[in-house]
Structures are given as C-alpha cells and as structure tokens.
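Asks: With chain A fixed as given, assemble chain B onto it according to the hints.
Sequences listed follow chains A and B, in order.
Quick note on our numbering: the first sequence kicks off at 20 and runs consecutively.
Quick note on our numbering: the second sequence kicks off at 41 and runs consecutively.
Some clues are possibly wrong.
[Said to hold, decoys possible] Below, in silico cross-link-like pairs of lysine-lysine (DSSO-like), each with a Cα-Cα straight-line distance of 27 angstroms or less:
#1 A:208 <-> B:47
#2 A:248 <-> B:47
#3 B:149 <-> A:304
#4 B:47 <-> A:119
#5 B:233 <-> A:119
#6 B:321 <-> A:120
[Claimed, not checked] Over 10 angstroms on every C-beta distance to chain B, these chain A residues come out as not near it, computed from the model:
#7 86
#8 90
#9 93
#10 127
#11 153
#12 174
#13 257
#14 259
#15 289
#16 302
Honestly, the hints are just simulated from the structure, not real lab data.
For glycine and all other residues, C-beta sits at the position ideal for the given N, C-alpha and C.
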Amino acid sequence: MKENYQLYLFVLPALVLIIIFKYIPMYGAIIAFKDFNPLQGIMNSPWIGFENFKKFMNTPDFTNLLGNTLKLSAFGLLFGFPVPIILALMLNRIRNVALKKNIQLVLYAPNFISVVVVVGIVFIVLSPVGPINHIFSLFGGKTIDFMTEPGYFRSIYIISDIWQFAGWASVVYLAALANVSQDLIDAAKIDGANILKQIIHIDLPAIKPIMVIQFILAAGNIMSIGFEKAYLLQTSMNLPTSEILPTYVYKIGLQMGDYGYSTAIGLFNSVINVILLITVNQIVKRLNEGEGL
Amino acid sequence: MFKQQTKADKTILALNAIILTLIVLAILGPLIYVVMASFTDPSTLLNSGLTLNPSKWTIQGYLRVFKDGSILTGFKNSLFYSTAFSIISVSITLLAAYPLSRKDFVGRKVIMTIFIITMFFGGGLIPTYLLVKNLNMLDTVWAILLPGAVNVWNIILARAYFQGIPNELREAAVVDGTSEMQYFFRILLPLSKPIIAVLVLYQFVGQWNSYFDAMIYLKSDNLQPLQIVLRSILVQMQPRPGMMQDAQNTAQLQQIAEMVKYSSIVISSLPLILIYPFFQKYFEKGVMVGSIKG
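Next up, chain A with everything else stripped away, as it sits in the complex:
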C-alpha cells in the first residue's frame, strides 16, 4: 500500500478536471433558484425559490417545447434503436468476407462526416431545386420545400440520424454475433432450423445483453439528444416542431442573456432525463429478471 501514492497521482488530473468542469457547474446551477445578476455573482444574487420554474411552466410555449422534445426523442428511439440490430443480423449472414468488409466500409462512412456537413447535405438534397424534388417533378409531383414545413422536421431529423449513425451503431452487435459458436448454428441446421429460426433462437439471445444496455443508455439520453443537429436543422419556418428544450435553453441563455431563467429550464430538462433513466432501468430490470445497469 505504500507505493499507492503514485496511483493517486495518476487519477489526480482527471479528478481535478471533473471537479472543476462538472461539479462546479452543478453548484453554479443554483442560479436557477436565484435572480441572478452577473455583477453580484452566484453567492450574492437574491434567492427567488421556484419563480423561474413557475415562469417557464406558465409560458404558452411550455407544452409545445416539452412535447417536441419528448416526441423527437421517443420517435428517434422507436425507429433508430432497431435499425442497427437488423443491420447487424443481416451483415452477419454475408459469408463472403471481402464483400462483407466492403459493405461495412460504406455503412460506417457517414459516422465520420460531421453533423454540420450532414445537415448541409440534407439542405442540398431536400432543397426545392434539389434531386429529390427533381425526381418528384419527373413523375409530375408538386415541389415541396421540406425544410420550411414543420410537418417534415421530425422525419428529416430521424431519417438523417439513421442514415448517419445506424451503420456504426451496428458494430457492437456484430462483435457480439461474432462470438456465437458455429457449432451451435450447425447443430440447429441438423435439427432443421432455417435461417429465420436460427436468428430468433440463437442470434437474438446472443445479443440480448448488449441490446438491454444500449436501450437503457439510449433512454437515459432521451432528453439530451441532438441539440447540435436540431439547432442546425432549424429554420424560422419549422420552429413549431423543431424548437426543443436544449435549443430553447441556448437561445434564452446565451442569445438573450437571461442566465437564471435559462438554467432553470436546463435543470428541468436534466431532472426529467434522470427520472426517465431510472424508470426505464427499473422496467427493464423487471422484464429482464433483475438485469439492468
């Protein structure tokens, strides 16, 4: 135990940075309960209790913002979660190694493109003079300005997210599938199981533990998803569906300078996030014979 001091030195930099950049802001979040004035500072600004929270819940935007945030996340999870699993199951059945490698190369590529560029591509592809509208017009359809129609925002967000990340997300499932023993598959074949049956009785059970963990993590992120992308995809016209809590926090706080109020909204968002995480973890534990995080 004597030489352990070296080990403490090893952890020190990470610990110091975490305390400064994570825990001090947690303390700073008390400005949500204060009438914060930068000149007086966090300590000396007067307490106002839950005023900021009340103000937020009474704004006409409240239900819409909360609804937008929850819907975008829930639909994203609903459609985005299964895709990587299906992709992995499909890829796993490609026997030609070279072909498989090439398909993977293409599937992973969008993950390495930045969100800014992906949103740029979305704007280009969906523009009124872009290729999609070009194809529509060949079939006599009307020109649609996708980016200004609130009705399209969620679909655009979710589909482009799947386009960008689903391939990469399938890596963990593929890794788990690689551990399935060929003997098991061969035995199933002798028993007359076709591919679908092999998938249901061998492949899916093999990746179940990872599915559970991925699902809990995704659900835990349900309220904090995609600020960066939602903000880029916003146009003044699609705000009725594209304004979500994190983008609102940014606008109220950094663009309008209402620090205390903005922090309250952010805190509200985080608290819902934690509640969702705990709830999902409990439900999964119950369904999954006591296995959760």
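Replies: Same frame as chain A, now just chain B:
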C-alpha cells in the same frame, strides 16, 4: 456444410443481399450526388440536374473555396484542436483508468461514483459557460481543449481493457522491483495499442466534427475551426466574401454560393473519409474489447 441449403434459406439469403445492396445505394446516393454536383456547372445543375456531358463540368467551386482561405485557416485550426485535444484527453483517460482497474486501489469505488454521476447529471449550459468565462478562458484555445477533456465513458472503456491484462504480469514486475510508474509506461501501455488507437480516433474525430463549443466560446475569426466556417457556408448560406469576388448580379451570386457549398463539403470531408479505412481494423477490435467487457 452438413446439409444443402433449403429453398427457404436461399430465398432469405437472396433477399438479404438485395436489401443490403439497396441500403448501400441509399447511403452512397447523397454522397455521390454532392461530389458530382461539385463538378457541374451551376446553371446546368439548376435547370436539368446532374449531367454526363463533360463540357458542362467545372472546377470553379474548388477554385473559389481556395481563393478565400477561410476553409484553409479552419482546417489548420481544426487540425491543431483535434491533435492537442486527443493528446490531452487520451493521456488523462489512460492515467486515470489504470488505478481504477486495480482491485486493490483504495478509494476506487468512491472515485468511480464521482465520475459516473457526471455521465447522467450536469450543471447545464449556462453554469458551464459562466465558469469558462470566470476562468478567463473565453476566446482562448483552452475553452476548446479543457472542459470536455475527461470523458468518463472512455475511462470505463480503458479500465475494462486494463482489467483484461493478467495481474500476474504486474506481480512479476513488482517482484523484480518495478515501480507503478515504470510498469504503467514500460509494460502496460505497449500492450494497450488497440484501445489507445480507438480512444485517439474517437477523440480526434469527435473534436474535428464538433462546432458547438467553438460557437459559444470563440469569437476571433482566426481561431475558428473548420466546422464553424462550414456552418456559415452550408447552413447559414453565407459564403465568405473572398469566394464571391467578381459576381456580377444576384443570380450569379446565388449560383456561386451553390457551387461553393458542394466543393466545401467535398474538401472538408475527404481527409477523414480517406484515412478511415486504414483505421478500420483497429477500431473494430478496440470497440469489441470495450463493448463486451464495458
């Protein structure tokens, strides 16, 4: 093979191949469109879409992007931020992960809990911004390099990797009189290349592709990373003045703006797309290690 493939299996495999082909096409489609559009004369593109007629091809877009220089400045800045950030972040991560991987490290549980809480709960945007401001780091490179340097998830990945290395190795080294410091640098790190490669790749790509921190913390033009320059061109539709010299009217301005968009996408995405196939073998191994034991 124990048995001939059944008819049903053959159908499923064929269907599988067809669907995967369609998915590959759906992923490549937009990318190919942008690349081809970047070489197409803007008025042709506007009127009839892509063309196979070489007389309508042009490299004007690329010339204008290079003429302005803001993309090149962004490129240099991003290269610096990404390199410095990966070095700082991965060093801190590895150093912290090693003691936390040791079962005999007193305080392991407490420190781990302190770290993990931050994965699920944070002070939020404004308190973090105010802190960076109070530390006088606004509009400095430190605002980009330090606040996000510790990534708890990466510490968990590295810890899982270290736990997979037999403890007997360390015990033998200790018997030989090796200190913790020597064991870590001389024995453990050389054995950890796959996980180090993966962490560097994650942090480098993550930093290269991020724009948000730069958007809120940096004001000076000469500090802006590539993504901020791209955002103004692609999303805010404001090409840099240098790209728009000698445009004679609004229609022409618009056409140039379009061209510049396509070429900047290609120029900015090409390096990562070109490098990444070489990393593939590393990251699949590393991701597997992390995901299964993590």
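Asks: Against this structure, judge whether each hint is valid.
Replies: Status of the hints after comparison with the structure:
For the hint pairing residue 208 of chain A with residue 47 of chain B, the CA-to-CA distance comes to about 14 angstroms; that is within 27 angstroms, so the pair holds. Note on residue 248 of chain A and residue 47 of chain B: the hinted pairing is violated, with a Cα-Cα distance of about 45 angstroms set against a maximum of 27 angstroms. Among the hinted pairs, residue 149 of chain B with residue 304 of chain A is consistent with the structure: their alpha-carbon atoms are about 23 angstroms apart, no more than 27 angstroms. Between the alpha carbons of residue 47 of chain B and residue 119 of chain A the distance comes to roughly 23 angstroms, so the proposed pair stays at or under 27 angstroms and holds.
Taken as a hint, the residue 233 of chain B and residue 119 of chain A pair is honoured in the structure, with Cα atoms around 25 angstroms apart against an allowance of 27 angstroms. For the proposed pair residue 321 of chain B and residue 120 of chain A, the alpha carbon gap of about 10 angstroms is at most 27 angstroms, so the pair holds. Once the 10 angstroms rule is applied to beta carbons, residue 86 of chain A is consistent with being away from chain B; the minimum gap is 21 angstroms. Every C-beta of chain B lies more than 10 angstroms from that of residue 90 of chain A, the closest at about 22 angstroms, which supports listing it as non-interface.
Against the 10 angstroms criterion, residue 93 of chain A stays outside the reach of chain B, whose nearest CB is about 19 angstroms from its own CB. Interface exclusion of residue 127 of chain A from chain B breaks down, the closest Cβ pair being 7 angstroms apart, not more than 10 angstroms. Chain B draws residue 153 of chain A into its interface by the beta-carbon criterion, the shortest separation being 5 angstroms against a cut-off of 10 angstroms. The beta carbon of residue 174 of chain A is kept farther than 10 angstroms from every beta carbon of chain B, the shortest such distance being approximately 15 angstroms.
No beta-carbon of chain B is positioned within 10 angstroms of the beta-carbon of residue 257 of chain A; the least distance is around 13 angstroms. Non-interface status of residue 259 of chain A relative to chain B is upheld: no Cβ of that chain comes within 10 angstroms, the nearest being about 19 angstroms off. Some Cβ of chain B comes within 10 angstroms of the Cβ of residue 289 of chain A; the nearest lies about 6 angstroms off, and the non-interface call is violated. With a cut of 10 angstroms on Cβ distances, residue 302 of chain A stays outside the contact zone with chain B, its closest approach being about 17 angstroms.
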